[in-house]
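S.K.: With the hints as constraints, model all of the structure from the sequences given.
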Amino acid sequence: MALERGIPDFWIWLLGNAERFNILNPTTWGFLLGAVVICLLLLVIAPFICFLVASLQYGPSEAFYYVARALFSAVTEDLPRFSPRRTWAIARLAIQEAIRNRVLVGFGVFVLLLLFAGLFLDVNNNNPTRVYLSVVLWSTNLLVILMALFLSAFSIPNDIKNRTIYTVVTKPVRASEIVLGRIVGFATVGTAMLVFMGVVSYFFVSRSLDHGHQVEADTVKEEYEKAPEGQPAPAQRKLLRISGETTFDRHHRHTFELGPDGKGKTNVVQGHWHEVQRTAEGKYIVGPPQGHLIAKAPHYGKLVIYDRDGKVTKGINVGNEWEYRGYIAGGTPGVQTKAAAVWTFSGITPENYPPDKYPSGLPLELTLRVFRSFKGQIERGVLGEMVIRNPNPEARGLASGPILFESKEFVTDSRTIPWKLNSERGGEAGRGELDLMKDLVHEGQIEVAIRCVDPAQYFGVAEPDVYLRPGDASFEMNFFKSYLSIWLQMLLVTAFGVMFSTFLSGPVALLASLSAIVLGFFGSDVRAVTLGVLYGGEAQGAQYGGGPIESFIRIIMQNNVMTEMEINSILSTIIKVLDGGLMCTLYAATYVLPDYTQFDTAGFVADGYNIFGALVAEQLLMGLVYFTAVTITAYFFLKTREVAA
Amino acid sequence: MSRNKSFLRKVCYIAAIALLLLPIAALSQPATVDTNLADGRDDSSPGGRLSQLRTQYNLAQARLGEIDPASETMKLASLGLRGVAANILWLQANHYKKIEDWDKLEATVNQIIRLQPNFVEVWDFQAHNLSYNVSVEFDDYRMRYEWVKKGINFLIEGTHYNRDEPGLLSQLGWFTGQKVGRADEQVQFRRLYAVDHDFHDVIRKHGINLDEATTGLTVEDPKTHQRTSAIDNWLTARLWYDKAVDAVTYSGKPIRGRSPLLFYSGAPMSRINGSAAMQKDGRFFEAPRLSWERALAEWTSYGNRELPTSAGFNIRLNDQEAADARITQAQAELEKICGNVKEKILAQKRESLSAETKAALDKPVEQRTEAEHMLVYNAAGALNVAARDYLDYAPREQRRRVQQVIDQIEEDQLTSMQIGLNRRIVNFEYWRTRCQAEKTEEIQQAHFDVYEADRMKADVAKWDEAKQKYEEAWGLYAKIFEKHPALMINAEAQDLVDSVLKYRDLLGQLDEPFPAKFVLEPLLKEHDKGRQLLDQVKVLQGGGETRPEGNKPADPKPDGTPPAAKTAPEASKADESKAEKSKSDEPKAGKSADEAPKAKTP
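As given, the protein sequences belong to chains A and B, one line each in that order.
Everything in the first sequence is counted per this note's numbering, starting at 1 for the first residue and increasing by one.
Everything in the second sequence is counted per this note's numbering, starting at 1001 for the first residue and increasing by one.
Treat the hints with care, as some may be off.
[Stated by the list, open to error] In silico negatives: residues of chain B with every beta carbon more than 12 Å from chain A:
{"#": "1", "residue": "ALA1018"}
{"#": "2", "residue": "ALA1031"}
{"#": "3", "residue": "ASP1392"}
[As the list claims (entries may be wrong)] Listed below are the simulated BS3-like cross-link pairs for lysine-lysine, each with C-alpha atoms no more than 25 Å apart in a straight line:
{"#": "4", "chain 1": "B", "residue 1": "LYS1098", "chain 2": "A", "residue 2": "LYS408"}
{"#": "5", "chain 1": "A", "residue 1": "LYS314", "chain 2": "B", "residue 2": "LYS1098"}
{"#": "6", "chain 1": "B", "residue 1": "LYS1439", "chain 2": "B", "residue 2": "LYS1479"}
{"#": "7", "chain 1": "A", "residue 1": "LYS238", "chain 2": "A", "residue 2": "LYS226"}
{"#": "8", "chain 1": "B", "residue 1": "LYS1098", "chain 2": "A", "residue 2": "LYS375"}
{"#": "9", "chain 1": "B", "residue 1": "LYS1529", "chain 2": "A", "residue 2": "LYS375"}
{"#": "10", "chain 1": "B", "residue 1": "LYS1363", "chain 2": "B", "residue 2": "LYS1342"}
Treat the hints as calculated values from the structure; they're not laboratory data.
No residue lacks a Cβ here, since even glycine has one placed at the ideal position from N, Cα and C.
M.R.: Structure follows, in structure tokens:
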């Protein structure tokens, strides 16, 4: 699985990377500092804007008093008198309102979607599990967000329009309770929907992927022990193994191999395998599919790439547009090239990797890429070698002999680093042998160096490509975590919807919430466009044609994007300034609004990887911060709104 | 009163709706299939007007039960924004290709064609994308083969939505033939294809009778270890091309994407390629001879097919000799009638040239300057004695006949020129000659000898035998090339040049010189590598060295001459020998344990 954002580290995300920190570059600040700065700015800017707006109506001194009183009463009156009981009452009303608004239609749509999903989903795919999981998670996400959007955006405006809000505001209910009650109520409905959808999705996926095979009798071959040369075959030959093929079902078939006891398993096709057993009567039983609903919990290391001269580098670009991987050149290691990719793993201790649980050694998995600069030997993969090293600089040279391997692209290559390794130098295990834990692990760290042996061929590497796999997490728990991410998205959409609805009409609140969602999902693309407009002609990816106002004028006047506008130069300057302001606002908005792509964990579940705990923590914290900020903002908007007007 | 009016209005509406249902039913009634009634009556119906039009234009979903609900639902659900949805999916597909997410790419491509099932170029483009672009991203040849198959499967699915579409059927022939049989991994792909029964079943289900595509051999299936009948990809390609031709002939669909000349050449070329592949796989004599005979028959048949030209008339590729014969005959008649006036006409034309041009023409070729060469070149057209020039010299009473002969000559010349042009596009004469030559015993023996020699060269104990085989083969080839010199010129002869290089290496191993007068020197002169070899031999023998460099290890330098003092030809020779050494390893490396055993003779 490609982790383009890198392996998440909660503390670096929260506090920023100390090595790259630059006070002038907000993208290096970390979430905490960024959130504090934005909140402080909002605390200054928002009251100032309120003051300006109120000044127009009441004059400056009255406006100042108005704003100050609102702030003061929030802290001295509303906060201490906040009542969870009243909030829950409002929430119950919101739930009833949601049900009355036929939110349950969403359930129906979802069930309908699943019923017909089989027509759309292509099981003739190398990995149908991914397809199914992606579809159910994506459709759940979309439906829940849409539901939250419509419910939250229209709730308060409808109450105002129908004047039912008077029955609420005339009661001793605070604005904070109204806002929070609505959010909690709609979130409760959303949660119920999510739970239902999650359960249905899980069973849908499990059942859809469930299938069976038979064994094709004419493909079964029994292999017996051969008599020694020159000797006659014994009367009772020993059965060594049984091999054969299954039937062709669901666009695939497996080959299998059974041991002398008649038990074994098939090969992995389309991401799964089956257990096969031969009964005493000679019949073959193929079990259900296994290994497709998994949640790998990799133990990642830190990668450093060295070029052919031994210098640290990002790796060679072999011409791919996607620069996720760097490539290392092949050649006789140490003679033709010093290029290597070295992973340093921490936490290698007998407690984490007890030998009785891992009798063969450390379980390692590789997902390398290969680039051939010439065909070479087509019949085999490109050769590489792996060397296990002690990371202690004083123990340089304490390394295993090279472990040769043949590369496998686009499949997971599972290997084991044995506890006893060969080495000319020798170590604790005796001459010619090293003990992995005692000789090669230093303060819980170990290095795995991978080199390409075939000259003029290349290995493509990225940090998550090589990892230890101590064990798997529970798929069901992983599934739950992805639904938690969806739930957080739903919560934020609800909060934003309610916030916008406190001062906008229903349709406008809907539009504003939708814009917030769009900016949240496509923030990076929007930033690229705004920067292109702001630095047009200078930056890579410059946008010609200017911002929205200039583009509109160009369309009306049918000017092409490369020439100057055929209008007065002063007017042109004013337009460019306005556009610049709009673009800056949009650019800032993409950082202020939540980045919904950070909540997207469907890829983990679909690809069979456990969602990092750090990622869940990041999402929870982001959700909490945004939720709090938006709720407080909504409270102030509702509090200062003249409902009767 | 108003209640009555309201009631009446409702009745009128209902009546109008009922009346409208009649034309709607007539238009949209679906077609039904024959239910095989007991009394033998055919109870199928063509359906309403829309259904009849669908059948007429062979659009998808002509009959109930063939409707693709996913495709129809997606088209409806896009609410008129089908184009926008398709654009988004195309962008997504490109994104997944960029980040090497092949599963999602495949899934997205399948969604695209659900939105645009009758847009034939989509099938074309994405099938090519899968088979040619995505497949090469994989290192393992087995995975490459799987993705080549995915592209072919994609095209097969396209033919289901666009029945009798010649372009797609022809592309199937191209993919099955060229991608499987000409790729760098052709040995591996052909081996995998031969025993890929699941894929063969898919092809059979689409109306291709693969019994006509068997090679006649049985090979061991590496998965089941059982011997099974091998299917040839080229012969399968031929069947797809035949289906494409049938679609044009019987369904009247236009040929899309290529000219008729190339379109109709697909089937016979597949047969030819299949025959050549047989020999590469190590089969000689009877089976390939028969195959070449069939290939010749099909090539002749292709040559007899009427093909349109850009000149506005049709031609047959086989007609050139007849046209040329008619021209010669007519020319003779012309000269008989008008007398021997050719020289006179030529002299007259020469007179009309400028003095400089005449002077240039009079000069010997080697003494002409560049400008004079240009003048001579430009004058060539003016000095051409055309048939029409004879008209002025025709006797008065024979003028009419001369005019007729001239018209006939000009027409035949145009025809001959067009045929020549089109022949060159498909290399018609070469393949005809090749088919004729390949079905002889002589050439089969020569191929077999070279094949055996190449194989024996890998075994030190058989070097002498290999040398003998090579020399026997060269003798046979020399006779063949004397009869059919065109066979030397084509790129297909490159394999033979490579074998000559292997022979040279073998001689080097045996410490024997390369023959100064090599019997296949004319062949070597036609190819770059051959010319290099001849130059090397000339230099070696001219320099007095009798031992070819071959695989000889680099000699020590007794006089301490630094490497830079080596002359360029020697340095390049050393590089050449290294390259040739690695090339000589290739056949060995290409043979793997699980490769199907090659039949030597049928």
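S.K.: Hint numbers the structure violates, sorted upward?
M.R.: none
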